[in-house]
Amino acid sequence: MTEIPITSAGQLLRLFVLAAVVAGGVVLILAVLRRESKERSPAEPRRPFRGWLMAGLVLAVGVMGVLTFVLLTIQRAYLYSYLPAAAVLLDITSDDPHVVRMAADHLLRPERLASLTAEERARLFEILGRLELKVRPRIAQGESLPLSVCGGVNAPRIDQSWWRLVRTGPYAIDGTAVNHEPPRPVQSSGLSGGMKDTLPIQTLSSLEPGIHRLSVPFHFGMYRGHEGNPVASELLHEEKVTLEQEFEVLPEGQSDPIRLIKDDSLKERIRSCIEPHHFCYEKWGEQQVLRGNLTFWRLPVNVAFEVFARIDGKEHSMGTVAQASQLHTADGMVHMLHLQNHDGLKVTRIDLILRPKPEAARQTPDIIEVWDGEFEYRDVPVGLSP
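Our numbering numbers the first residue of the sequence shown as -6 and each following residue consecutively.
Possibly wrong hints are sitting among the right ones.
[As the list claims (entries may be wrong)] What follows is a set of in silico ranges between Cβ atoms, one per label pair, in the way DEER data are often shown:
(1) E201 x L228: 39 to 49 Å
(2) S181 x V224: 16 to 26 Å
(3) L253 x L377: 12 to 22 Å
(4) A107 x P244: 56 to 66 Å
(5) K260 x R131: 28 to 38 Å
(6) R262 x R105: 52 to 62 Å
(7) L243 x R105: 50 to 60 Å
(8) K260 x D305: 50 to 60 Å
(9) I120 x R160: 28 to 38 Å
In case anyone wonders, no lab produced these hints; they're calculated from the structure.
Even for Gly, the Cβ is constructed at its ideal location relative to N, Cα and C.
Throw the hints in and build the complete structure from the sequences for me.
This is the structure in structure tokens:
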């Protein structure tokens, strides 16, 4: 028999409602069939059939279940106070980032957190404290090693009173410490947040071709109070963990190919996920710089582009961007673009061209395939920096 996993209070209620409605429907059908049978046999004395009552009761339970489900879906956060902690903890493991945020905000309230058992509290922080280390799986000799650490989910928060801080310790490769300054501590308001880093070529130059293991220690803390000020905040939970990931250094002359996804049917959908904005001129010392942003919203596939600004018919490179698909996130990802040494040219509109640049994906820890297609955004407005 196939086991159906229950991953949230909402799913548990769905099964209950479905079972009630199906059972009520079956009983109702049987009652109608029995009534027709009685009508065809008038000689037999009629006796009230209790199935009608049973069907009504079961259907009433189903209707109440539907109403309860609607309440849990639309006004879910307001009903958590009436649910046991075990049911709310189920929502912490939901695939819906909004549900996870609402459940976390509720369980981290002082009065609710104090009511949790030791096991429930440990389970809560085990889930909220998860970190994931990503390392580019294969690099060529002479290439740097991109990596990232992320945790939690991306979704708007309800409660703004708690935050977390992640500190990174010294890196090690194959058990040997490497000469590399770890990133500064990363703080985030809520569950989401992370950091990116790159081990430079000099650090990796002594590695032989083959499989190697990167180890990164972390100190994770969750606080309630003044964001960015651990001293003035209440420490809710802290722990130390070391994450490890393997990567391969390829033999000399080999490189890790980036696979191209050739699917023109995705073009309009991808285009709708890309937003150019806030293009303006700035003064950097004695130089004039054209800068702007590209924000990616819920991309269905990985992309990697070189971005060009076309000014007076001439194209100027503004750098490269690479972005992984965002189907399971709610927030956009902003990439900043710059065109330096831009003296003498000042226009109020530019054309923006995004051309495939698979090599840019090698600067990320996890993009191994990208969509193959080009975009052009005409008459992008350009202003002056305030």
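These are the hints, each one checked on the structure:
1. E201 x L228: 39 to 49 Å: 44 Å, holds
2. S181 x V224: 16 to 26 Å: For S181 and V224 the Cβ distance comes to about 18 Å; the hint holds.
3. L253 x L377: 12 to 22 Å: Violated: the Cβ-Cβ distance is about 39 Å, outside 12 to 22 Å.
4. A107 x P244: 56 to 66 Å: 58 Å, holds
5. K260 x R131: 28 to 38 Å: 29 Å, holds
6. R262 x R105: 52 to 62 Å: 41 Å, violated
7. L243 x R105: 50 to 60 Å: 51 Å, holds
8. K260 x D305: 50 to 60 Å: Given about 28 Å between the Cβ atoms, the range is violated.
9. I120 x R160: 28 to 38 Å: 20 Å, violated
The earlier numbered hints that this structure contradicts are 3, 6, 8, 9.
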